[in-house]
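Undergrad: One letter stands for each residue in the lines below.
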Amino acid sequence: MNATAEMNRWIRFTPAQRVARFAVYLGMVAAIVWALKTIEVIPEFLYDAPAQVVDMGARMWPIDFAHFWPGIWPALVETLHIAAMATILGLCMGIPVGFLAARNATPFPWVNHAARFVLVATRSISTLLWALFFVAMFGPGPLAGALAIAFHSIGFIGKMFSEGVEESNRGSIEALQAAGATRMQQIVMGYWPMVLPTFWSVALFRWDINVRESAILGLVGAGGIGVALNSAIDLLQWDRVSLILLTIFVVVILIEIIVMQIRRRVI
Amino acid sequence: MNAVTRADFFQPSIWKRLGYALLVVYVIYAAATLGLSWERIERGVGYGAKFLAGFFPPSFTKSDLIPGLLESLQIAFLASLFGTLIAIPLSVLAARNLMPAFVTWPMRVIIILCRTFHPVIVAIIAVKAVGFGAMAGVIALTVASVGFVGKLLAEAIEEISKKQIEAIRATGASFMNTIIFGVVPQVMNRFIGFVAYETDSNLRHSTIVGVVGAGGIGGTLFAAFQRYDYDFVAGISIAIIALVMLGEAIQSYVKRVFR
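So the sequence lines, in the order shown, correspond to chains U and A.
When we follow this note's numbering, the leftmost residue of the first sequence carries the number 1, and every step to the right adds one.
When we follow this note's numbering, the leftmost residue of the second sequence carries the number 1, and every step to the right adds one.
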């Protein structure tokens, strides 16, 4: 009687699941405790932080709106060009890699693995690091910036694409195969129409991210509004810094609204 | 016998063609403004080859590689912790199905402000406020985490089913009990996904905030770059890729455990 009650007791997780969960919790706590205990904080810097913030705020006000034209506007336009070109270029490079990484579109495991490695590697190297590379190659300027963001986007675009392709419906591909379509034809006429919604959402999402990213490229000399930001900070012109930050804020919000509107209508 | 002609099925729309044409025109125009030209690319590729040659063999032996990486890890962990702790109450307050408009609006503005600026820009401000070092990096990435987790969690809460909330309210549960037993079970899975993704993203960003002096491996990397110490740059880059890949593996394991 007692034994059957014991056997019928409902337990949510198997012992293995419980051990795995416990391991994750333990790992999280251990990581945080380790980080808190060993992180290097310089207390002298912390004491005057409030004073520094107040000082910065005071220097940022009033905002130097007069500097917007012709100081900021060209840099802003350049930033938008960088973001748009980088998105287009990133799509051109990321989509083929995405198809190569998808197990159903490319049935060669070693090609999949190689493509996946490319996706992870391009994503792990941050935009700024890519920008450093390309500035060394092509010299400072927006070209290096556009290439940097484009290469960094490959990973994200390709990953989203390969997931979209792997989730696509087998039926129409089999129909194409039965009709004798080549692999290229299967991709163009079979997979592509199915991943078209993915394409639009990835393109818009990435464009949105790229505008934000292109605002920092100037720190390493790769063009855009970041150049203006960097020189304003170096020259301690905090009233211009606040103007640039405000400009970035407004542009990012505008782009978010545009993306939302397009998403609502197209997808 | 006016049969539909075959061509009609595949007639491309005028608007689509116009769109593509506009795209091509824009690309040419933008490429011109970016200063793209063949000779520049040719010259650049030449430099690039020299540059790549400088990468080999990658050097891992410099003493500041490991401390830098560990500091990046510290920044990523702490920023994820603080960011998540701040984002949870913020997103509950920002969810329009739980709170009245006069509460959600200020919260949404905070979340949008946190999301707008790239962590590196926030890091510049943080360095000005608390000085060089890991602290500034933690602050910068905490702000980014609040924006990211806050937005996604608020959206997740807004999408939950109203029925379970009503059932729990009908039992006379207090507001906190409604949250714990009505909301949390419905968003827990997605929340874990967001936090895992956020930690991953913080790990990536913690490797670059050092460029502006906010701690982590980025400072070492930037310094090596400016010293033309390219074999060390290659070593650091490989170490960062390995770290991020490890992070991604752990992330997918954690997601599997909590599925």
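Treat the hints with care, as some may be off.
As the list claims (entries may be wrong) - For each label pair, taking beta carbons as the anchor points, the in silico distance ranges come out as:
hint	chain 1	residue 1	chain 2	residue 2	range
1	U	P107	A	M99	14 to 24 angstroms
2	A	L113	U	F68	16 to 26 angstroms
3	A	R96	U	V250	46 to 56 angstroms
4	U	I11	A	K163	25 to 35 angstroms
5	A	K50	U	M184	35 to 45 angstroms
6	U	R21	A	F181	18 to 28 angstroms
7	U	M56	A	G172	43 to 53 angstroms
8	A	L113	U	A51	33 to 43 angstroms
9	U	A175	A	K50	46 to 56 angstroms
Calculated directly from the structure, the hints in this document are not laboratory data.
Idealized CB from N, CA, C, for every residue including glycine.
Undergrad: With reference to the structure, classify each hint as holding or not holding.
TA: Each hint tested on the structure:
1. U/P107 to A/M99: 14 to 24 angstroms: About 51 angstroms separates the Cβ atoms of U/P107 and A/M99, which means 14 to 24 angstroms is violated.
2. A/L113 to U/F68: 16 to 26 angstroms: 21 angstroms, holds
3. A/R96 to U/V250: 46 to 56 angstroms: 24 angstroms, violated
4. U/I11 to A/K163: 25 to 35 angstroms: With a Cβ separation near 27 angstroms, U/I11 and A/K163 satisfy 25 to 35 angstroms, so the hint holds.
5. A/K50 to U/M184: 35 to 45 angstroms: 37 angstroms, holds
6. U/R21 to A/F181: 18 to 28 angstroms: 20 angstroms, holds
7. U/M56 to A/G172: 43 to 53 angstroms: 50 angstroms, holds
8. A/L113 to U/A51: 33 to 43 angstroms: With Cβ atoms ~23 angstroms apart, the hint is violated.
9. U/A175 to A/K50: 46 to 56 angstroms: At roughly 51 angstroms between Cβ atoms, A/K50 and U/A175 fall inside 46 to 56 angstroms, so the hint holds.
In this structure, the earlier hints numbered 1, 3 and 8 are contradicted, and the remaining ones agree with it.
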